[in-house]
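Trainee: Given next are the chains, with one letter for each unit.
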Amino acid sequence: MIGGFLKNLFKNKVMLLMVLPGTLWFLFFAYLPMLGTIIAFKQYRYSRDGFLASIVQSKWVGFDNFKFLFSTNDAYVITRNTLLYNVAFITLGLILSVILAVVLSEIANKKLAKVYQTGMFLPYFLSWVVVGYFAFSFLSMDRGMLNQITGWFGMDPIQWYSDPKYWPYFLVLIFLWKAVGYNSVVYLAAIMGIDRSLYEAAMIDGASKWQQIRSITIPMLKPIITIMTLLAIGKIFYADFGLFYQVPRDSGTLYSVTNVIDTYVYRGLKTTGEIGMSTAAGLYQSVVGFVLVMTSNYIVRKVDKDSALF
Amino acid sequence: MSKRNPKEKDIHRLRGSWNVVFNLIAGIFAFLCVFPFLFVVIISFTDEGALARDGYKLIPSQWSLEGYRYVFQNGEALLNSYFVTISVTVVGTLISLFITALYAYAISRKSFKYRNFFAFLAFFTMLFNGGLVPTYIVVTQLLGLKDTFWALVLPLALNAFYIMILRTFYTTSVPDALIEAGKIDGAGEFRIFLKVVLPLSLPGLATIGLFSTLGYWNDWFNALLYIDNPNLVPLQSMLMRIETSMQFILQNSQNSSLSLGAMQNMPQDTARMAMVVIATGPIIFAYPFFQRYFIQGLTIGAVKE
Chain W
26 MIGGFLKNLF KNKVMLLMVL PGTLWFLFFA YLPMLGTIIA FKQYRYSRDG FLASIVQSKW
86 VGFDNFKFLF STNDAYVITR NTLLYNVAFI TLGLILSVIL AVVLSEIANK KLAKVYQTGM
146 FLPYFLSWVV VGYFAFSFLS MDRGMLNQIT GWFGMDPIQW YSDPKYWPYF LVLIFLWKAV
206 GYNSVVYLAA IMGIDRSLYE AAMIDGASKW QQIRSITIPM LKPIITIMTL LAIGKIFYAD
266 FGLFYQVPRD SGTLYSVTNV IDTYVYRGLK TTGEIGMSTA AGLYQSVVGF VLVMTSNYIV
326 RKVDKDSALF
Chain X
61 MSKRNPKEKD IHRLRGSWNV VFNLIAGIFA FLCVFPFLFV VIISFTDEGA LARDGYKLIP
121 SQWSLEGYRY VFQNGEALLN SYFVTISVTV VGTLISLFIT ALYAYAISRK SFKYRNFFAF
181 LAFFTMLFNG GLVPTYIVVT QLLGLKDTFW ALVLPLALNA FYIMILRTFY TTSVPDALIE
241 AGKIDGAGEF RIFLKVVLPL SLPGLATIGL FSTLGYWNDW FNALLYIDNP NLVPLQSMLM
301 RIETSMQFIL QNSQNSSLSL GAMQNMPQDT ARMAMVVIAT GPIIFAYPFF QRYFIQGLTI
361 GAVKE
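As you go down the protein sequences, you meet chains W and X in turn. With our numbering, the residue at position 128 of the first sequence is 153, and numbering never jumps. With our numbering, the residue at position 161 of the second sequence is 221, and numbering never jumps.
Take these hints with a grain of salt, some might be off.
Said to hold, decoys possible - In silico PhoX-like cross-links for lysine-lysine, where the CA-CA straight-line distance does not exceed 20 angstroms: (1) W:K38 - X:K170; (2) W:K295 - X:K173; (3) X:K173 - W:K36; (4) W:K36 - X:K170; (5) X:K243 - W:K36; (6) X:K206 - W:K32; (7) X:K173 - W:K38; (8) W:K38 - X:K243.
If you're looking for bench data, these hints aren't it; they were derived computationally from the structure.
Next comes chain W alone, as it looks inside the complex (with noise of 0.2 angstroms):
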């Protein structure tokens, strides 16, 4: 049995070592992290002999460290903020990114959509950072955009940065001009692979381009649109820390509107310290996400197979 499995081993022994550096990886990177996580039911203290030995010798506390996060105010307003978040952008992404694809698709001039396609992939290459530079060109209380166009209509300037009330349409906005042209690529391809065919006979029967999109282009598009959403429902309780971090450049007098549960994370890390209650938002983040995953791709399972991502 042992002598067999050995064997097997050698057998197997180039491709073993294929595998061998990103199973490395995964094991430091993924693995004992999730390992790790031990430390949201401890209270972590770092000690000299070493990481093992700082877990190990961490105090055991149980639950108290999830007690103390679901007491406080910021349980609720992170998971709110992160949800709601995410809701609007998959909503709203899905509508835009395949009314554009749509809308490429139908363009006669094949050489300008493909401009039109560039000028729309630009916000995709850009980093957060860069993103936060663009918003301030325009958030800027005495030298933004916003504040002269607003100045136009006789308005007094808007500190934009320390009032949470216009946050939410912000960063929803924002959030969609990066991400629906690329998103849009995916929906436009899927198009471009629908048989012409369906159109030609469509078109024999008389229907208007209208109707062909209707009753072809959206349906076919099902599956695929399908796929993308249950994606994004299974990440609903991930935050892109960049577009929340960055953009609102970390302002202390928004964080009811921009703190979610990334954000919360990391400031529990790197800022107030409290590695335990960080931890347990992290793990608590995770354990959720995985079960939102699991079940939507059950649900999908159960009402069309092939959809289903695994």
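Since the structure of chain W is already known, use the hints to place chain X on it.
Mentor: Positioned in the frame of chain W, the structure of chain X alone reads:
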């Protein structure tokens, strides 16, 4: 696809008015996507005094190269950051390609007995992760990478998603028969991989390589977490820290021999925006040429297993 005759093509077309509307929708959105970058370029070429007077304007009352002159004259930090970013990007992309190509190939081969186990090992990391804090502790305390070059390289070196993309690429574009033929000719697995598989999967490797390059070039998060040493600060991270560092220069020059007038003339805003332009410029100029690889990656990525 068969060639259509011209008559058919005509009914395929949208009616003129709709075509105009569709062009407008796509055109306006594309313009909005590019506009903020143009605006920042304009600001970077504006005279600092004009900025103080009128704010950021689309057509400034006075143009100036002062921001760029300032950046290039006081450019050691910028040059150093450029060097850090380029080294991290090159080294990181090569390592990432090496690991990903091997791993994806092994799990794409049916003859590999443990392929399902290793495929799952990769796939599971897309579903569940330990979160930021344990990762941070492993990287800093177990691996001891804090304030090292490798803290910028290794955390981004592998991504299960890239492995899945590349595996799909191998299985669709490298025929099994070719690999079998290589085996009959007596070539070993490594030799087949190098001589047969790699040349055929160059477009796939290019896709992964470009995603990786972009990821490294735009990364600031790892620097935010792990880097305090000013000599190891990459470009994006420098842009983040520039606010405080400009104030630092100002404070320091108060102690030095610089006159008060020279300090007030320091083009703060324009210099900052000039740095943004200098840091993004290479990407903006390069991406239209590489766009198709990204499109390919995104569309392969959206195809499930």
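Trainee: None of the hints should be skipped; say for each whether it holds.
Mentor: Hints and how they fare:
With a CA separation close to 15 angstroms, the supplied pair K38 (chain W) and K170 (chain X) stays within the 20 angstroms bound. Among the hinted pairs, K295 (chain W) with K173 (chain X) is inconsistent with the structure: their alpha-carbon atoms are about 44 angstroms apart, more than 20 angstroms. Distance restraint check for K173 (chain X) and K36 (chain W): the Cα-Cα separation of roughly 9 angstroms lies within the 20 angstroms cut-off, and the hinted pair is therefore satisfied. Restraint check for K36 (chain W) and K170 (chain X): the C-alpha separation of about 14 angstroms stays at or below 20 angstroms, so the hint holds.
Between the alpha carbons of K243 (chain X) and K36 (chain W) the distance comes to roughly 15 angstroms, so the proposed pair stays at or under 20 angstroms and holds. About 41 angstroms separates the Cα atoms of K206 (chain X) and K32 (chain W), which puts this hinted pair outside 20 angstroms; it is violated. For a cut-off of 20 angstroms, the pair hint linking K173 (chain X) to K38 (chain W) stands: about 10 angstroms separates their Cα positions. Taken as a hint, the K38 (chain W) and K243 (chain X) pair is honoured in the structure, with Cα atoms around 16 angstroms apart against an allowance of 20 angstroms.
Hint check: violations occur at hints 2, 6; the rest are consistent with the structure.
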